[in-house]
Amino acid sequence: MPDREQPALSAPVFHILVALSDGELHGYAIMQDVAAQTADALQLGPGTLYGCLKRMLVAGLVEESDERPDPALDDSRRRYYRITATGKRTARAEAERLERAVMAAKSRRLLGAAAGGKA
Amino acid sequence: MPEAFFVRWFARIYGVLLYAWPREFRLAYGNEVRQVFRDRCTHVARAGDRAKILSFAMAVAADWATTALRERFEPLRSALASARKSPVRGFVAEWSMTILLYLFATTTLVQAYVIPTGSMESNLRVGDHMLVDKLTYANPGAVGAVVCRGGVSGRFRPDCWIPKPHRSLGYRRGYDCGASCSSLEIRILHELVWRTKRPWN
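Residue numbers (the working numbering), protein chains in the order written: chain A, 1 to 119; chain B, 1001 to 1201.
A portion of the hints provided could be inaccurate.
Said to hold, decoys possible - Result set (SDA-like, lysine to any residue): computed pairs, CA atoms no more than 20 Å apart in a straight line:
1. K54(A) to L1027(B)
2. K1052(B) to Q43(A)
3. K54(A) to A1065(B)
4. K54(A) to R1034(B)
5. K88(A) to A41(A)
6. K88(A) to E24(A)
7. K54(A) to A1028(B)
8. K54(A) to R79(A)
9. K54(A) to R1026(B)
10. K54(A) to Q32(A)
11. K54(A) to Q43(A)
12. K88(A) to G60(A)
13. K54(A) to N1031(B)
14. K54(A) to R1072(B)
15. K1134(B) to L1103(B)
16. K54(A) to A11(A)
17. K54(A) to G1030(B)
18. K54(A) to E1074(B)
19. K54(A) to E1071(B)
20. K54(A) to S1078(B)
21. K1085(B) to K106(A)
22. K1085(B) to V58(A)
23. K106(A) to E96(A)
To be verified - Computed footprint of chain A on chain B; a stretch qualifies when at least three of its residues, placed anywhere within it, have a C-beta under 8 Å from a C-beta of chain A:
24. 1021-1028
25. 1037-1047
26. 1062-1072
Unchecked claim - If you want the ones that stay clear, here's a sample from chain A, every Cβ over 12 Å from chain B, calculated:
27. G27
28. E94
29. E96
What the hints contain is simulated information worked out from the structure, not anything from laboratory work.
Ideal placement from N, C-alpha and C gives every residue a C-beta, glycine not left out.
All chains, please: the whole structure from these sequences, using the hints.
Set out below in structure tokens:
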């Protein structure tokens, strides 16, 4: 039921959730992780990143972390973000939706060896 | 050295640009946004590739502008979204938008009329339907134009129209009425009929 009501996540939101699923990160690390995930195809700007984080905080997908994961590299100006249980569930639902879409594309030979492209 | 210079100035300009964003958003995330921007700037500057720096600048400008727009219109968007959830508010919102669009269209674009009297018999008959195009022939000082059967066009004001001078004498005096066919301009002003800026006898 919640899955039905949940519209498809926007690409930045999904990739931010995926980036945070490994652990807590600060803004710039999220940005780098998203770029790495998408082979530099999605390079989040600072405004887009924090606009998304703001909305994700309101929606309860992520939360601010009090702990400093790495005291050696710590910078007091940076805030760290961590994914919530709702965020994980949402990201999983979206990943499953994408997986189904990819399967459908593969079964119609849009994707794979015949198409020759990389996703 | 030029790297640090570049980063410092770019960050300074960016900090000023952030004032285009809503205050709350800036206060909540401004410091972090600037920090992230500096990090990214340093990274790009270290690469030292002119094309990369340029494309980075363009991307940042686009990001800045879309964020400004998105954050500014966020309250409106969330209000619309919540209106969509409640049927009553949705109904009110939809009808308000419809009425606003209708008013905009009828005052500036096009309006439908039915001819009520025989005062324009040679051009328009009683009961003729017509659409007044308010845009095509509009010029400064005129509300719009009538395009009627036979291709006569005249400037048009909604409460009085006079395609033919001899029929219009005495018709709705006291209004500032206008009609022009080619270079001839007929106008009733203060109970006098004027023809191209000279009184009509």
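Do the hints match the structure? See the list:
1. Between K54(A) and L1027(B) the CA atoms are separated by roughly 12 Å; this keeps the pair inside 20 Å, and the hint holds.
2. Between K1052(B) and Q43(A) the alpha-carbon distance is near 13 Å, which keeps this suggested pair within the 20 Å criterion.
3. Straight-line distance between C-alpha atoms of K54(A) and A1065(B) comes to about 17 Å, which keeps the hinted pair within the 20 Å bound.
4. With a C-alpha separation of about 16 Å, the suggested pair K54(A) and R1034(B) falls inside the 20 Å cut-off, and the hint holds.
5. The hinted pair formed by K88(A) and A41(A) fails the criterion: a straight-line CA distance of about 23 Å is larger than 20 Å.
6. Taking the CA atoms of K88(A) and E24(A), the gap is about 13 Å. The hint holds against a cut of 20 Å.
7. Of the supplied pair hints, the one linking K54(A) and A1028(B) holds, its CA atoms being roughly 9 Å apart against a limit of 20 Å.
8. Distance hint between K54(A) and R79(A) is fulfilled; the C-alpha atoms sit about 13 Å from each other, no more than 20 Å.
9. Restraint check for K54(A) and R1026(B): satisfied, since their Cα atoms lie roughly 11 Å apart, inside the 20 Å limit.
10. Between the alpha carbons of K54(A) and Q32(A) the distance comes to roughly 19 Å, so the proposed pair stays at or under 20 Å and holds.
11. Simply put, K54(A) and Q43(A) have alpha-carbon atoms about 18 Å apart, close enough for the 20 Å limit, and the pair holds.
12. Only pairs whose Cα atoms come within 20 Å are accepted, and K88(A) paired with G60(A) is accepted, the gap being roughly 11 Å.
13. For the suggested pair K54(A) and N1031(B), the alpha carbons sit about 14 Å apart, so the restraint of at most 20 Å is met.
14. Taken as a hint, the K54(A) and R1072(B) pair is honoured in the structure, with Cα atoms around 14 Å apart against an allowance of 20 Å.
15. For the hint pairing K1134(B) with L1103(B), the CA-to-CA distance comes to about 13 Å; that is within 20 Å, so the pair holds.
16. Simply put, K54(A) and A11(A) have alpha-carbon atoms about 16 Å apart, close enough for the 20 Å limit, and the pair holds.
17. At most 20 Å may separate the alpha-carbon atoms for a hinted pair to count; K54(A) and G1030(B) meet this at roughly 12 Å.
18. In summary, the hint linking K54(A) to E1074(B) is supported, as the alpha carbons are separated by about 12 Å, within the 20 Å threshold.
19. Only pairs whose Cα atoms come within 20 Å are accepted, and K54(A) paired with E1071(B) is accepted, the gap being roughly 10 Å.
20. Between K54(A) and S1078(B), the direct Cα distance comes to roughly 14 Å. Compliance with the 20 Å bound is thereby established for this hinted pair.
21. This hinted pair does not check out: K1085(B) and K106(A) have alpha carbons roughly 37 Å apart, beyond 20 Å.
22. Distance hint between K1085(B) and V58(A) is fulfilled; the C-alpha atoms sit about 18 Å from each other, no more than 20 Å.
23. Among the hinted pairs, K106(A) with E96(A) is consistent with the structure: their alpha-carbon atoms are about 15 Å apart, no more than 20 Å.
24. Given as covered by chain A, the stretch 1021-1028 of chain B passes the check, having 3 residues with a CB less than 8 Å from a CB of that chain where 3 are the minimum.
25. Check result for the stretch 1037-1047 of chain B against chain A: holds, 3 residues qualifying (beta carbon to beta carbon below 8 Å, three or more required).
26. Beta-carbon proximity to chain A at under 8 Å applies to 8 residues in the stretch 1062-1072 of chain B; the threshold of 3 is reached and the given coverage holds.
27. Once the 12 Å rule is applied to beta carbons, G27(A) is inconsistent with being away from chain B; the minimum gap is 5 Å.
28. Every C-beta of chain B lies more than 12 Å from that of E94(A), the closest at about 19 Å, which supports listing it as non-interface.
29. With a least beta-carbon separation of about 25 Å from chain B, E96(A) lies farther than 12 Å from that chain, consistent with its non-interface assignment.
Of the numbered hints listed earlier, those contradicted by the structure are 5, 21, 27.
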